[in-house]
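Chemist: Okay, here's what each chain looks like letter by letter:
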Amino acid sequence: MEMANVTFEYLPGTPLAHTALTDINLTISEGDFIALVGPTGSGKSTLIQHLNGLLTPTSGSLSFRGRRVGVDVSPLELRREIGLIFQFPESQLFEHTVADDIGFGLRRQGLTGPEVASRVENALLQVGLDYAHYAQRSPFSLSGGEQRLVAIAGVLAMRPRFLVLDEPTSGLDARGKAAIFDCLDRLNSDGVAILMVTHSMDEVAESARRIIVLNEGKIVLDDKPERIFAHASFLRGIGLDIPKAAELVYKLREKGFEIELDSVSVRSVVDSVAAAVKERCAN
Amino acid sequence: MRFGLTIGEYYPVDSPVHALDPRVKILLVLVFTIAVFAVVNFSGLTAAAALIVGVALVSRVPIRLAVKGVRPLLYLLALTFIIHLFTGAKPWIELGPLHISVPGARSGALVGIRLVILVVGAAFLTLTSTPIELTDAIESLLAPLKKVRVPAHEIAMMMTIALRFIPTLAAETDKIVKAQASRGARFESSNPVTRARSFIPVLVPLFLSVFRRADELAEAMEARAYRGGEGRTRMRRLEMKGRDVLTLISATAVFAGLAWFGRLPLV
Ligand SMILES: Nc1ncnc2c1ncn2[C@@H]1O[C@H](COP(=O)(O)OP(=O)(O)O)[C@@H](O)[C@H]1O
Ligand SMILES: [Mg+2]
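Residue numbers (the numbering used here), protein chains in the order written: chain Y, 1 to 283; chain L, 1 to 267.
Because the hints were derived from the structure by calculation, they are not lab data. Everything numeric in this text was worked out from a predicted model, so none of it was measured. Yeah, the Cβ is synthetic: ideal placement off N, Cα and C, and Gly gets one too. Warning: the hint list may mix true and false statements.
Heads up, simulated DSSO-like pairs for lysine-lysine below, C-alpha to C-alpha not over 30 Å straight-line [what the hints assert, rightly or not]:
| no. | chain 1 | residue 1 | chain 2 | residue 2 |
| --- | --- | --- | --- | --- |
| 1 | Y | Lys218 | Y | Lys244 |
| 2 | Y | Lys177 | L | Lys175 |
| 3 | L | Lys90 | Y | Lys218 |
| 4 | L | Lys178 | Y | Lys218 |
| 5 | L | Lys178 | Y | Lys177 |
So, partial list: chain L residues that the calculated Cβ filter (under 8 Å) puts toward chain Y [unchecked claim]:
| no. | residue |
| --- | --- |
| 6 | Ala152 |
| 7 | Gln180 |
| 8 | Ala181 |
| 9 | Ser182 |
Listing some non-contacts, in silico: residues in chain L with all C-beta distances to chain Y over 12 Å [what the hints assert, rightly or not]:
| no. | residue |
| --- | --- |
| 10 | Ala49 |
| 11 | Pro62 |
| 12 | Gly96 |
| 13 | Ala105 |
| 14 | Leu118 |
| 15 | Ile132 |
| 16 | Pro192 |
| 17 | Tyr226 |
| 18 | Arg263 |
Could you put the whole structure together from the sequences, leaning on the hints where they help?
Modeler: Okay, structure coming up:
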């Protein structure tokens with residue numbers, strides 16, 4: 001997926017016109033795990049709505065596997081390959097049963113009976129919900145976290161190769177968040193590319209292999225997590241945090257510890273810090 | 001989903017017309033309407049159109065936005081004109097089997113142009129006043145009717161709430177439509193039954209959200225001890241200033257002049 005010089009303006013030609021994205025250049029490859037971060041209003045939601053053709057750039061272009069979106073490939077086709085999950089996706093549930101709701105997109109595609117049933121079962125499995133226990137219940141009788149997983153399953157049932165999520169963990173408790181991340185990690189190891197919007201840096205540090213920072217509609221940083229957090233003061237300046245684990249490393253470095261970093265997940269930071277401390281003691 | 005200004009939506013700029021007391025604007029639209037109905041010649045209608053152009057210039061609202069409101073009326077206008085054309089009095093112009101009435105053509109054109117002028121003129125009310133200003137103004141204008149048990153405050157509160165939630169619900173609808181489209185919903189079927197059915201995935205979540213919002217709003221209002229208009233003070237006070245009174249009087253005089261001019265035996 002490639003975005004070239006994409007600029008997007010809301011309500012063009014009116015006094016309320018507002019340029020939400022400016023000159024976005026972005027390439028997303030198969031199997032990526034990307035976090036898109038940025039302060040509120042920086043254009044994250046606007047950007048991801050371009051990825052499956054819900055919004056069309058005011059200027060610039062998008063292409064998917066080398067084909068121009070809107071020219072060689074229609075938004076409808078695009079949506080089969082790229083699953084987009086909005087913020088608070090549980091508000092889109094509408095069917096009588098969980099299974100029917102998850103199967104909605106499949107039936108739209110013209111699939112029927114056993115094929116739908118097996119894909120629904122599979123999608124529930126992917127989000128970690130038990131088919132026998134959930135399939136025939138009303139989605140409105142579930143907890144908020146379960147509803148969200150069901151809504152995500154509704155998109156996964158379409159078997160997208162590329163999953164885009166807008167703040168999938170907002171408003172969930174720690175267990176709900178963990179359930180979402182387990183699901184995303186599993187999907188990614190099955191080869192599904194993931195782009196998730198978030199503003200919680202601690203979450204990002206664990207899974208993402210690439211972080212894109214958006215500010216005022218422009219991409220300001222696009223790099224590996226451990227390198228992104230070297231810009232700690234810049235990030236704080238635009239209202240973003242840096243993960244606690246990364247912060248610890250930078251503080252220790254200031255105190256003269258030599259710590260190598262190849263990831264900012266808590267586990268690898270613990271390992272590197274332990275190694276550095278051991279070395280210092282040995283000397 | 002389509003974004004953008006629709007007819008008569010508030011156009012946010014600073015101008016003397018925007019700054020005018022909304023009650024004055026409502027009253028002037030009423031006076032203007034009466035005056036335009038009194039006009040029976042084309043000179044008068046031309047003068048009324050010139051007044052509207054003047055208001056457009058002073059208010060810095062592109063007149064195009066006000067004229068947009070006429071579009072839904074085009075069929076009505078055409079129909080009115082045709083009916084006048086064929087049902088009017090003599091003399092007739094005979095075009096084969098058709099009898100076209102000359103006074104009919106005249107009265108049809110008068111009625112049509114008058115309607116356009118009224119719609120365009122009234123559009124400036126909503127283009128230059130926020131919905132909240134308008135509901136406050138309506139409450140204030142209806143206040144004397146409280147004596148005869150017209151629930152002026154409740155009417156205004158209902159209007160305020162309805163107006164307040166239009167953008168919210170539009171945004172909500174947009175989001176649900178996009179979310180369902182993202183998982184394969186289509187809304188453009190040519191079969192009306194399929195088309196109507198395709199909106200179920202939008203309508204069910206939308207209604208759920210409307211009821212939830214209504215509940216939350218009611219609770220929030222009760223938690224703030226809201227119980228109607230009696231003895232309530234307001235944060236935004238409408239104040240009639242000297243300039244507002246002056247505008248009301250002078251514009252009323254101008255509109256009276258318009259009515260008088262419009263009834264002179266001119267073209
Ligand atoms: N439907 C819309 N109409 C007009 N402006 C919008 C709309 N949606 C978002 N915006 C504006 O575009 C900017 C980017 O918004 P958004 O993409 O939602 O940011 P984020 O998701 O990063 O918080 C904001 O300034 C917002 O006010
Ligand atoms: Mg957002």
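Chemist: Work down the list of hints and note, for each, if the structure agrees.
Modeler: Here's how the hints hold up against the structure:
1. Taken as a hint, the lysine 218(Y) and lysine 244(Y) pair is honoured in the structure, with Cα atoms around 26 Å apart against an allowance of 30 Å.
2. About 23 Å separates the Cα atoms of lysine 177(Y) and lysine 175(L), which keeps this hinted pair within 30 Å; it holds.
3. Simply put, lysine 90(L) and lysine 218(Y) have alpha-carbon atoms about 71 Å apart, too far for the 30 Å limit, and the pair is violated.
4. About 24 Å separates the Cα atoms of lysine 178(L) and lysine 218(Y), which keeps this hinted pair within 30 Å; it holds.
5. About 24 Å separates the Cα atoms of lysine 178(L) and lysine 177(Y), which keeps this hinted pair within 30 Å; it holds.
6. Given hint, alanine 152(L) at the interface with chain Y, is violated; its Cβ is 32 Å from that chain's nearest Cβ, farther than 8 Å.
7. Interface restraint check: glutamine 180(L) against chain Y, minimum CB-CB distance 6 Å, threshold 8 Å, status holds.
8. Interface hint status for alanine 181(L): upheld, as the beta-carbon distance to the closest one in chain Y is roughly 7 Å, under 8 Å.
9. Hint status for serine 182(L): holds, given a least beta-carbon distance of 4 Å to chain Y, under 8 Å.
10. With a least beta-carbon separation of about 25 Å from chain Y, alanine 49(L) lies farther than 12 Å from that chain, consistent with its non-interface assignment.
11. For proline 62(L), the non-interface assignment is contradicted: its Cβ lies about 10 Å from the closest Cβ of chain Y, within the 12 Å cut-off.
12. Separation of glycine 96(L) from chain Y is adequate, the least Cβ-Cβ distance of about 47 Å exceeding the 12 Å criterion.
13. The beta carbon of alanine 105(L) sits about 38 Å from the closest Cβ of chain Y, which is more than 12 Å, so the claim that it is off the interface holds.
14. Against the 12 Å criterion, leucine 118(L) stays outside the reach of chain Y, whose nearest CB is about 25 Å from its own CB.
15. Non-interface call for isoleucine 132(L) relative to chain Y: holds, since the shortest CB-CB distance, roughly 17 Å, exceeds 12 Å.
16. Even its closest Cβ contact with chain Y, about 18 Å, leaves proline 192(L) beyond 12 Å, as expected for a residue assigned away from the interface.
17. The beta carbon of tyrosine 226(L) sits about 27 Å from the closest Cβ of chain Y, which is more than 12 Å, so the claim that it is off the interface holds.
18. For arginine 263(L), the condition that its CB be more than 12 Å from all CB atoms of chain Y holds, with the nearest at approximately 40 Å.
Hint check: violations occur at hints 3, 6, 11; the rest are consistent with the structure.
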